Amino acid sequence: MSRIRLIETALLVLVGLLLALATVNDVVRQTHVNDRLIADLSTWRHYTDHDYKELAPDQHLLGESTKREVVCGNTAPGPQYARTQICLEIWGPVRAGRRAVHGGWYLPAKTEEDLRRYRYGCFGAAVSEGICSPAGGRA
Amino acid sequence: MRAGAAGIVGAEGAVAADPARPAVDVPRQRGSTTARWHAPLAVLCGLVLVAATAEIVLDGAIGHSPLIPKSPHIAAWLRSLGGERLGYRVFLIALLSSTVAYVVLIGLARTRTRPRAARERTQGRWAIALVALLSLIVFAGPILISTDVFSYIAYARMGVVHGVNPYLHGPAAIAQDPVFYYVGHDWLDVATAYGPLYTLISYPLAPLGLVGALWGMKVYAQLASLATLTLTWRVAARRGFDPVFALLAVGANPLYVIYGLGGAHNDLIMLALMMAAVALTIAPPVRARIAARAEAIGTPVRTRISGRAEADDRSSPARLAGAGAAVIAGALVKATVAVLLPFMLADRRRARQGRLAILAGGLAALVLGLLAGYLAFGSHGVNLIAALNRDSAFVSTDSFPNELAHLFGKPGVFPVDHDLLKAALALIVVYLLWRTWHGYDWVAASGWALLAISVTSTWLLAWYILWPLPLAVVARDRRLLLATLFVQGLFVIHQTSPLLAPVQ
Chain A
1 MSRIRLIETA LLVLVGLLLA LATVNDVVRQ THVNDRLIAD LSTWRHYTDH
51 DYKELAPDQH LLGESTKREV VCGNTAPGPQ YARTQICLEI WGPVRAGRRA
101 VHGGWYLPAK TEEDLRRYRY GCFGAAVSEG ICSPAGGRA
Chain B
1001 MRAGAAGIVG AEGAVAADPA RPAVDVPRQR GSTTARWHAP LAVLCGLVLV
1051 AATAEIVLDG AIGHSPLIPK SPHIAAWLRS LGGERLGYRV FLIALLSSTV
1101 AYVVLIGLAR TRTRPRAARE RTQGRWAIAL VALLSLIVFA GPILISTDVF
1151 SYIAYARMGV VHGVNPYLHG PAAIAQDPVF YYVGHDWLDV ATAYGPLYTL
1201 ISYPLAPLGL VGALWGMKVY AQLASLATLT LTWRVAARRG FDPVFALLAV
1251 GANPLYVIYG LGGAHNDLIM LALMMAAVAL TIAPPVRARI AARAEAIGTP
1301 VRTRISGRAE ADDRSSPARL AGAGAAVIAG ALVKATVAVL LPFMLADRRR
1351 ARQGRLAILA GGLAALVLGL LAGYLAFGSH GVNLIAALNR DSAFVSTDSF
1401 PNELAHLFGK PGVFPVDHDL LKAALALIVV YLLWRTWHGY DWVAASGWAL
1451 LAISVTSTWL LAWYILWPLP LAVVARDRRL LLATLFVQGL FVIHQTSPLL
1501 APVQ
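Chains as they are written, first to last, in my numbering: chain A, 1 to 139; chain B, 1001 to 1504.
Simulated from the structure, these hints should not be mistaken for laboratory data.
The structure presented is a predicted model; accordingly, all values stated were derived computationally and were not measured.
Accuracy of the hints is not assured; some may be wrong.
[To be verified] Capping the alpha-carbon separation at 25 Å, the derived lysine-lysine pairs in DSS-like fashion look like this:
#1 K110(A) x K53(A)
#2 K1410(B) x K1422(B)
#3 K1410(B) x K67(A)
#4 K67(A) x K53(A)
#5 K110(A) x K1070(B)
#6 K1070(B) x K53(A)
[To be verified] Partial chain B-side listing against chain A, Cβ under 10 Å, derived:
#7 A1405
#8 P1498
#9 L1500
#10 A1501
The beta-carbon is built from N, C-alpha and C at its ideal position, and this holds for glycine as well.
Throw the hints in and build the complete structure from the sequences for me.
Now the structure itself:
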């Protein structure tokens, strides 16, 4: 049994190393994602000239692996989602702590979910990508 | 493999020298100089644990935090004591501090010098006081981290207040109920995945209103934790391990306190029933003493035991039937714990009569539980497999398969990965059953199986990696405890990215 125990321990150590490697890799990956999000929030604040804290970044809307994010926030002071919101499509490399805005849309006040049917006033890439409602977009 | 003065045991389950004596785990003689700083360091670790937990609770009581779910203001009276609302930075620093303090504390408990009886009692009291204080702090505070408790309440109110079957509909069916506002967005349309016993246990809380039910859930969690810790203490003592170490390793564990108790998760009820099952497989002290004495003088005892039998595992058929029933009761709360049953049955050191008793108890509990579930909820209430299949398809960012997928350059887990993971888990369980059949400690094997379930699951949450912990501290293979703590450590490390790159 001692040989079995030795083999088991060796396997456990190998599995442990693999899990540790995967965990560290994921932390580094997530840290890079966070760096990108920090740039996106800074971009939103710079673009709208509003220094609001309560912003809602979304990494899934344009595809998680695309590194394209959408950040929504109020157009006027107030609690989060309480005012009309402007959402910006942001992607590209980080330069001077910001990334490029390629398009966006508006959401009505008190809308917590960024669904296609709520979007209006689309501009830039959002129009050509057809992610806005036909009734709401300019296209 | 360890052996020590008290006659304890290696991984393959040798016998404690005196089964009636709650032995202290492998006392190690250390110089008085080393021992001198043990006590102050242990006190310091205890203080760090208390301070970090209090910081999370007090800041969390202020609300408006991404770590505190929307909740009725049950801890509003603590607001004046808090600093600022709980952010990731403070939370993670507190979690990391707690983790370091916990590791040092249980390291000290593990290597403490052989105590005199009086000092033993004092250390035991301090350990109990620390664990009780940590529990009390989270009990007084808001619900931490998870919205699950609101799902529990929603399912209870669906059945009791609105006459809606929680096994057929999600909380969206009671959108007019006050609890609906607090249920996690992802779970609004999801019917309950919990066993019928748990749903029935939660029913008495439904008429108490939202706040009353929330406090009820907190009380349930505390009572379940009390039962788990008491049973862990007793089982550790009966199996020849240090109960103080066992208590601290479970009760002071930061994931147990902050995530498990803080979120009032029903996993604690499952753990209590799991430890009840383990305790019932072990004879009470008087019986074990009689059995040991009878064996020593060659007298047959009523419970037939094989030559390799362990003195502390000589339980009566009635208790073993209770153990089987307790496992099934746990599975009727949360199905995962059912994995213990085959390991109990595969333990060949137990007499055939004992294994039959376990099987009979388990079957009786299953029939009763399913009957109650069917009468209360119809056929959907007893179809636990469907709920398990549904939940096993979910993917959480903290799951190890998801991390491995990222490591290998994939965006995430694919459907084929679920099948591969299930196959890997099945292989592990079969191997563990083979090992148990050949003399490996069934408690350790069960713990490994629970750890394997959590590691291979694509839907991993902090309280899932608590499942093997109470077994790990009473198992006769210390590798299980090391592995469990290692996996928990990786989980904590995985939370730290907001600390490295804080998004504001």
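We went through each hint and held it up to the structure:
1. K110(A) x K53(A): 17 Å, holds
2. K1410(B) x K1422(B): 19 Å, holds
3. K1410(B) x K67(A): Since the Cα atoms of K1410(B) and K67(A) sit roughly 15 Å apart, the hinted pair holds (cutoff 25 Å).
4. K67(A) x K53(A): 22 Å, holds
5. K110(A) x K1070(B): 17 Å, holds
6. K1070(B) x K53(A): Distance of about 19 Å is within 25 Å: holds.
7. A1405: 9 Å, holds
8. P1498: 7 Å, holds
9. L1500: 5 Å, holds
10. A1501: 4 Å, holds
Checked against the numbered hints above, the structure breaks none of them.
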